[in-house]
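Student: From first to last, the protein sequence lines are chains A and B.
The first sequence: position 48 = 48 (this note's numbering), numbered continuously.
So the mapping is simple: this note's numbering equals the position in the second sequence, first residue as 1, plus 505.
Some clues are possibly wrong.
Some chain A residues flagged as far from chain B (calculated, every beta-carbon gap over 10 angstroms) [unchecked claim]:
1. E137
2. D166
3. G250
4. L285
5. R312
6. G318
7. I321
8. I335
9. I336
10. A422
11. P442
12. A472
Covered stretches of chain B (in silico footprint by chain A; criterion: 3 or more residues with CB under 8 angstroms from a CB of chain A, positions within the stretch not fixed) [claimed, not checked]:
13. 531-539
14. 599-609
Quick partial rundown of chain B residues pointing at chain A, CB under 7 angstroms, derived from the structure [stated by the list, open to error]:
15. P523
16. S524
17. F556
18. T557
What the hints contain is simulated information worked out from the structure, not anything from laboratory work.
Note that CB positions come from ideal geometry on N, CA and C, so glycine has one too.
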Amino acid sequence: MLAQRLIGRTAVRSAFKPSGLPAIAPASRWTRTYATEAEQKDLVIIGGGVAGYVAAIKAGQEGMKVTCIEKRGTLGGTCLNVGCIPSKSLLNNSHLYHQVLHDTKHRGIEVEGVKLNLAQLMKAKDSSVSGLTKGVEFLFKKNGVEYIKGEASFKDEHTVNVKLNDGGETSVSGKNILIATGSEVTPFPGLMIDEKRIISSTGAIALEKVPEKLLVIGGGIIGLEMASVWSRLGSKVTVVEFLDQIGGPGMDLEIAKATQKILKKQGITFKTGTKVLSGALNGDLVTLDVDSAKGGKAESLDADVVLVAIGRRPYTGGLGIENIGLELDERGRVIIDSEYRTKIPHIRCVGDATFGPMLAHKAEEEAVAVVEYIKKGYGHVNYGCIPSVMYTFPEVAWVGQSEQDLKKAGIPYKIGTFPFAANSRAKTNLDTDGMVKMIADPETDRILGVHIIGPNAGEMIAEGTLALEYGASSEDIARTCHAHPTLAEAFKEAAMATSGKAIHF
Amino acid sequence: MFASKALRQAAQHAERTPSIKFLGKRTIPAHIDHTPQPHPASPTHSLPASFTSDKGSHASFSTYRDHAQQFGPLRKTIRATEGAVGDAAGSQLGPVHPPKGVFFDRSELPARFHRTPISLAEIEAVETGGAAAFA
Chain A
1 MLAQRLIGRT AVRSAFKPSG LPAIAPASRW TRTYATEAEQ KDLVIIGGGV AGYVAAIKAG
61 QEGMKVTCIE KRGTLGGTCL NVGCIPSKSL LNNSHLYHQV LHDTKHRGIE VEGVKLNLAQ
121 LMKAKDSSVS GLTKGVEFLF KKNGVEYIKG EASFKDEHTV NVKLNDGGET SVSGKNILIA
181 TGSEVTPFPG LMIDEKRIIS STGAIALEKV PEKLLVIGGG IIGLEMASVW SRLGSKVTVV
241 EFLDQIGGPG MDLEIAKATQ KILKKQGITF KTGTKVLSGA LNGDLVTLDV DSAKGGKAES
301 LDADVVLVAI GRRPYTGGLG IENIGLELDE RGRVIIDSEY RTKIPHIRCV GDATFGPMLA
361 HKAEEEAVAV VEYIKKGYGH VNYGCIPSVM YTFPEVAWVG QSEQDLKKAG IPYKIGTFPF
421 AANSRAKTNL DTDGMVKMIA DPETDRILGV HIIGPNAGEM IAEGTLALEY GASSEDIART
481 CHAHPTLAEA FKEAAMATSG KAIHF
Chain B
506 MFASKALRQA AQHAERTPSI KFLGKRTIPA HIDHTPQPHP ASPTHSLPAS FTSDKGSHAS
566 FSTYRDHAQQ FGPLRKTIRA TEGAVGDAAG SQLGPVHPPK GVFFDRSELP ARFHRTPISL
626 AEIEAVETGG AAAFA
């Protein structure tokens, strides 16, 4: 039925297209036909976050007529507005503050009168964010993307209604529709997030004063990054994690242990294997009742501020997916196939709203691939090769499989490690915490995973990702010349340790 | 001397073959199977029945999908029997000229090629030398 209607429409359009025909029909008839056609876009994107805006720009570059609908008022989604970008600004500047305060004397620099100006720290963050979001808006104009500020909901399979931010309503019709609505913070049952005393990551990047005591529920990447920021600025931070390891399930166990040790040295207290039973406001404080995950060690913890960082969940609220009968799985993710198609094939979904890790760079990859699937019929994302980075100090980064993953799957492997303490550049920088760990197939020597904790790990993991994507062996990396003295030499030496022996360790 | 050095180097490199190989310029795959497959990151590694069940008048999901995809390369599944416009090349439709001894009448052509119909008011205006238009 739908297809018949579409073919009918195509036929009508084709019949009117030849411009060489004599203009016999009344002019009004021609005008009306073309006006109707112009309204239907090649691609309508719901969501202007990383997935949505990248898809919009890519579609514009591919010559498609594209509309992107975003309700936030600024482009870039969670990542640019309240996620990756503002948190990196705070992480970088709080690290500088902490370093000037505690790590200059033995380097021969004596600094006095160091003061924190939190308002200015936040202002610097805000200006980075606004610069980047405006940059995306410029790229929209450059690539001919129509940008509608408003809340979208499905009217039918081809039409999206938009409640405009400035008042009024409009509707957009698209031959293809892309859902890129992203994710939201998973709330903790029984704790009402007010973004002042019980906060999510959004509140954690906008606190007006440094809390004396901060409790973080969840020792994953977001929790540990925010714990680092406020710990450096002077808070006494305690991280409560249900699992026995920090860093989330993807982090290699050995690296997670090393990370915990280093962060503990920096002043963060950890309560792993601990569950939060309940929480309540108690005068000026927030009290959490916690217990060991196995039970029997109940205690109460007080803090000025509690950060809920137990993860994120897909966001499809208000989208009207029930109007078109789209299916979600038990965790609220839009069900898609390998070409990002929902069960209605011209409606696709990418990014946090669907399967896979909730990472901006994964969403970006998918956004490019989905436009290529629509335009060219093929695309590419390698889900086995998506790096993860935690921007604490030192940074933690990994790609591929962890040792515990391989052990669990019964896959044989060999390991090579190299500590930054034996790397010349790390020594000169006086930043020698951490190591590079490489895991390879014992028979073919093909790289299976790379795990780094150390200075600049986030940049260094790009080399590991490239090696993994190309199916390199550890010997390939070991035989590739790396400049001296650089931190990247530690990467080469870890490869040497995997395929044979490291020189400097 | 240089030749022996080159040979020695070649012999050294022959011991090791890098895993990374240059595969040449990326090419568009000739055939792509667009049948729905589970997403690689799907936890269940399966698709609900709604993804593979028949849709409306189409024999399979993939034929439905080919019709639903409006942008990009048109699939071969849209056949002339289904009445799609533009499914066959113009040359395959035969010559546009009539065979010898046969003539097309304007009335056999689509309506847009017909002479513009003359209204009664226009006929009257012509017959009265334009006076009727001002009556």
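Student: Take the hints in turn and mark each one as holding or not.
Tutor: Hints versus structure:
no.	hint	in the structure
1	E137	holds, 25 angstroms
2	D166	holds, 30 angstroms
3	G250	holds, 13 angstroms
4	L285	holds, 39 angstroms
5	R312	holds, 15 angstroms
6	G318	holds, 23 angstroms
7	I321	holds, 13 angstroms
8	I335	violated, 6 angstroms
9	I336	violated, 5 angstroms
10	A422	holds, 26 angstroms
11	P442	holds, 15 angstroms
12	A472	violated, 5 angstroms
13	531-539	holds (count 4)
14	599-609	violated (count 0)
15	P523	holds, 5 angstroms
16	S524	holds, 4 angstroms
17	F556	holds, 5 angstroms
18	T557	violated, 9 angstroms
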